[in-house]
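J.: Can you build the whole structure from these sequences, using the hints too?
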Amino acid sequence: MLVKTIFCGFGGQGVLMMGISLANSAMNKGYHVTYLPAYGAEMRGGTANCTVAVSDEEIASPIASEPGCLVVMNSPSLLTFQNKVSEGGTIFINSSIVDIRPNRDDVKTICVPCTDMAQELGNNRVANIIMMGAFIKELKVVSPEIYLKSLEAIMGSRKKALAEINRKAFAAGFDYIKD
Amino acid sequence: MSGNNVIGEAAIRAGCRFYAGYPITPQNELTEYMAEHMRTVEGGVFLQSESEIAAINMIAGASATGVRVMTSSSSPGISLKQEGISSMAACELPGIIVNIMRGGPGLGNIRPSQGDYFQATRGGGHGDYRTIVIAPATGQELADLTMDAFDLADKYRMPVMILADGMMGQMMEPVIFKKPNPRQYPEKFMLRGAGTGKSKFIHGLILDPIDSEAHNWKLARKYQVIAENETLFEEHRVDDAELVIVAYGTSARIAKGAIKRLRSHGMKIGLFRPITLWPFPELKLRALSAKIKNFLVFEMSTGQMLEDVRLALQGYANIEFHGRPGGAVPTPSELANVVARVYNKKDL
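Quick mapping for you: the protein sequence lines, in order, are chains L and D.
Add 599 to the 1-based position in the first sequence for the working numbering, that's all there is to it.
Add 35 to the 1-based position in the second sequence for the working numbering, that's all there is to it.
It is possible that part of the hints are untrue.
Distance condition first, Cα-Cα at most 25 Å in a straight line; then the derived DSS-like pairs of lysine-lysine [what the hints assert, rightly or not]:
| hint | chain 1 | residue 1 | chain 2 | residue 2 |
| --- | --- | --- | --- | --- |
| 1 | D | Lys213 | L | Lys683 |
| 2 | D | Lys257 | D | Lys295 |
| 3 | D | Lys303 | D | Lys319 |
| 4 | D | Lys253 | L | Lys628 |
| 5 | D | Lys253 | D | Lys223 |
To be clear, the hints were calculated from the coordinates, so they are not data collected in a lab.
T.: Spelled out as structure tokens, the structure:
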């Protein structure tokens with residue numbers, strides 16, 4: 600098993616946090632994992648992306664030439680990365696603000712209006728965690744319990760207040776994907 | 036943990052108690068980690084110096100007092116440190132220098148690159164000296180080899196360089212820290228005030244040419260012992276290989292990805308990965324050429340390690356090269372295409 604995912608969107612949308620939380624929960628499950636951020640002169644509102652590889656054996660390259668999954672939080676990211684996704688792969692789209700759709704019919708597209716859903720929950724900033732709920736439900740890389748536990752560990756004690764809203768956000772995304 | 040943080044934690048666990056550094060991307064997280072964690076250990080000193088040159092001279096001074104020391108920077112900053120590294124080699128002072136390479140020459144850019152191979156393996160500064168150069172390829176190796184680097188620096192009383200790149204520094208991987216070896220460094224090399232005892236001297240200025248020549252030969256003999264005993268390398272799927280990629284660090288990771296792909300298409304490709312770049316595992320590579328006649332050197336540079344591979348293999352095997360300099364990082368599929376072309380051209 601080897602799942603490579605590129606998470607991408609605006610800086611400030613919590614794109615790197617999506618990757619870090621997946622990487623940590625996969626590590627806690629006992630998988631091999633690499634997390635590679637696109638670093639540089641980045642800024643809020645600019646572009647951000649990271650690549651996470653999860654495998655049950657040693658990971659050769661942390662770079663994804665053909666990721667199996669793509670999670671796009673804004674439109675430019677879809678245009679940049681859609682052609683890299685491997686045949687039969689999955690593209691998750693934040694359909695609240697991405698109004699275009701992939702130009703390919705050999706991939707599965709899952710639309711989650713996560714920014715709208717976050718607003719309903721009263722906190723714009725949890726759109727990323729809603730998306731992670733949908734991601735985990737669809738791909739089943741780790742159990743929801745492991746994911747939430749890992750997320751809380753990363754957030755640390757400083758952000759305990761956010762733990763509750765994150766739980767709700769994750770559940771909303773998780774339930775959004777029907778079995 | 037990110038690679039930068041792994042190096043910092045491994046250093047502290049290995050007993051590093053003096054770190055001086057100056058910010059530069061993409062190694063900043065290491066300096067940040069030391070700033071936060073050095074103060075949590077007894078005797079730990081963190082200093083953000085006023086420049087890279089100050090940092091290397093600070094660790095040289097601290098090393099003379101017998102403390103385990105480290106500094107870190109990225110390509111342009113490492114250039115600035117060269118005088119100090121040469122001085123540490125002359126004075127036989129142990130210390131760790133971490134270079135998280137970025138694109139060059141000049142200020143270049145902040146993307147991962149491997150363009151500092153010559154500078155690292157040929158000494159970099161002036162004079163007849165060498166530094167041991169270690170090139171980890173995984174987070175786990177960053178942890179293990181950073182600890183080993185401190186032992187090597189003490190054993191041979193010389194600067195040791197950890198050579199990684201922006202990708203290694205920024206990437207996060209799970210690691211397990213091993214138990215460090217107890218330090219063995221004779222007190223006679225530590226300057227801690229003579230008191231009523233005999234004075235000790237550590238110096239690199241030797242004006243008498245006869246004495247200076249003797250000192251140079253003494254260092255050379257030490258380097259010879261290291262060259263014979265301290266090479267590290269990894270062989271990956273070379274047993275039945277008809278073409279072997281030679282790559283180190285991040286390039287080797289990309290090569291492994293490419294090999295997996297090519298093997299699934301029936302192409303017999305292997306990897307030879309030098310872990311110590313100096314001493315270069317020349318004899319081990321040449322031994323491979325007894326049955327493998329085609330090698331492809333892959334680096335994120337215009338071809339630097341290529342020269343060491345030629346020294347090892349010229350006349351023994353065919354050598355091809357693929358390079359991406361200046362901060363360009365190829366994907367495994369790009370490399371796989373290049374390798375497949377060479378493999379098919381040779382009609383192996």
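J.: If a hint holds in the structure, say so; if it doesn't, say that too.
T.: So, going through the hints one by one against the coordinates:
1. D:Lys213 with L:Lys683: violated (39 Å)
2. D:Lys257 with D:Lys295: violated (40 Å)
3. D:Lys303 with D:Lys319: Distance ~20 Å between Lys303 of chain D and Lys319 of chain D Cα, so the pair holds.
4. D:Lys253 with L:Lys628: It is violated: about 53 Å lies between the C-alpha atoms, which goes past 25 Å.
5. D:Lys253 with D:Lys223: holds (18 Å)
The structure shown violates the earlier hints numbered 1, 2 and 4.
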